[in-house]
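J.: Sequence:
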Amino acid sequence: MSKGNKDDKRIKKEEKAFLKAEKKKKRKVEKNIAKLVSDLIPILDINVESESIVTNYGCMDIFQISSKDIYSLNEDESNAHIATFARFLRTYQSPIKFIFMNFPIETTTQQEFLIKQIKKCKNETYEVLLREKLGQLMYLERDKTNKEFFMAIYVDNEKQRYEKEHMILRISDKFLEFKKISPAKKKKILFKLGNQNTKII
Numbered sequence: 469m470s471k472g473n474k475d476d477k478r479i480k481k482e483e484k485a486f487l488k489a490e491k492k493k494k495r496k497v498e499k500n501i502a503k504l505v506s507d508l509i510p511i512l513d514i515n516v517e518s519e520s521i522v523t524n525y526g527c528m529d530i531f532q533i534s535s536k537d538i539y540s541l542n543e544d545e546s547n548a549h550i551a552t553f554a555r556f557l558r559t560y561q562s563p564i565k566f567i568f569m570n571f572p573i574e575t576t577t578q579q580e581f582l583i584k585q586i587k588k589c590k591n592e593t594y595e596v597l598l599r600e601k602l603g604q605l606m607y608l609e610r611d612k613t614n615k616e617f618f619m620a621i622y623v624d625n626e627k628q629r630y631e632k633e634h635m636i637l638r639i640s641d642k643f644l645e646f647k648k649i650s651p652a653k654k655k656k657i658l659f660k661l662g663n664q665n666t667k668i669i
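Numbering of the sequence shown is given in the working numbering, commencing with residue 469 and proceeding in unit increments.
The hints are simulated quantities; they were obtained by calculation from the structure and are not laboratory data. Predicted model, so just to flag it, every value in this text is computed and none were measured. Keep in mind that the hints are not guaranteed to be accurate.
With a straight-line Cα cutoff of 20 Å, these simulated EDC-like cross-link-like pairs (lysine to aspartate or glutamate) come out [unchecked claim]:
#1 K584 to E616
#2 K654 to E616
#3 K587 to E600
#4 K584 to E574
#5 K484 to E517
#6 K601 to E574
#7 K660 to E574
#8 K590 to E574
#9 K660 to E609
#10 K584 to E600
#11 K655 to E600
With the hints as constraints, model all of the structure from the sequences given.
T.: Structure (structure tokens):
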């Protein structure tokens with residue numbers, strides 16, 4: 469056998485061994501990749517009693533922050549808001565995350581009321597006005613959003629969450645107002661955080 473043929477065989481053997489090693493490495497990497505979304509997202513459930521969010525590392529909760537029209541504040545009011553926020557950040561030492569989100573304007577109750585009024589209405593002129601108002605509400609709900617502000621807190625257990633909740637609500641005042649929110653709204657926030665391109669319904 470010539471030297472050239474021996475070299476070709478050796479090269480092919482080395483290539484085969486290299487490809488085999490690469491396949492083995494790829495299989496090992498694929499094995500370590502999480503196959504389910506639940507393996508990646510730390511959120512497990514919502515506690516029925518406390519309405520807190522149970523996670524792999526403990527629990528978390530979300531509070532709504534009342535928004536303000538900063539352009540209508542005078543200098544003293546602006547300084548008071550800044551001082552209150554700075555005091556809160558100094559006082560609250562645990563991990564937090566601020567969330568800013570656009571929520572659809574909720575007009576379902578008003579729409580239901582107007583639909584009932586239209587059904588009962590016997591005055592044509594008044595019915596036209598009611599239908600115009602209904603159209604405006606439908607437009608607002610479909611095309612307009614409210615910017616809402618939230619704060620998520622992260623703790624190791626339910627006892628800590630309870631203590632932090634009371635601390636936050638105690639600090640809350642007219643300059644920095646925190647509100648508890650319903651489990652349904654928490655689910656919407658979590659859904660939006662996990663699905664950035666999806667519209668909140």
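J.: For each hint, tell me whether it holds in the structure or not.
T.: Hints, one by one, checked against the model:
Distance check on the hinted pair: K584 and E616 sit about 31 Å apart at the alpha-carbon level, beyond 20 Å; violated. Distance check on the hinted pair: K654 and E616 sit about 13 Å apart at the alpha-carbon level, within 20 Å; holds. For the proposed pair K587 and E600, the alpha carbon gap of about 14 Å is at most 20 Å, so the pair holds. For a cut-off of 20 Å, the pair hint linking K584 to E574 stands: about 18 Å separates their Cα positions.
A C-alpha spacing of about 61 Å is found between K484 and E517, which places the hinted pair above 20 Å, so the restraint is violated. Restraint check for K601 and E574: satisfied, since their Cα atoms lie roughly 15 Å apart, inside the 20 Å limit. Of the pairs offered as hints, the one joining K660 and E574 holds, with about 17 Å between alpha carbons and a cut-off of 20 Å not exceeded. With a CA separation close to 28 Å, the supplied pair K590 and E574 exceeds the 20 Å bound.
As the CA atoms of K660 and E609 are separated by approximately 18 Å, the hinted pair is consistent with the 20 Å bound. For the given pair, K584 sits about 14 Å from E600 by alpha-carbon distance, which is consistent with the 20 Å threshold. Between the alpha carbons of K655 and E600 the distance comes to roughly 34 Å, so the proposed pair goes past 20 Å and is violated.
Going down the numbered hints, you'll see the structure goes against 1, 5, 8, 11, while the others check out.
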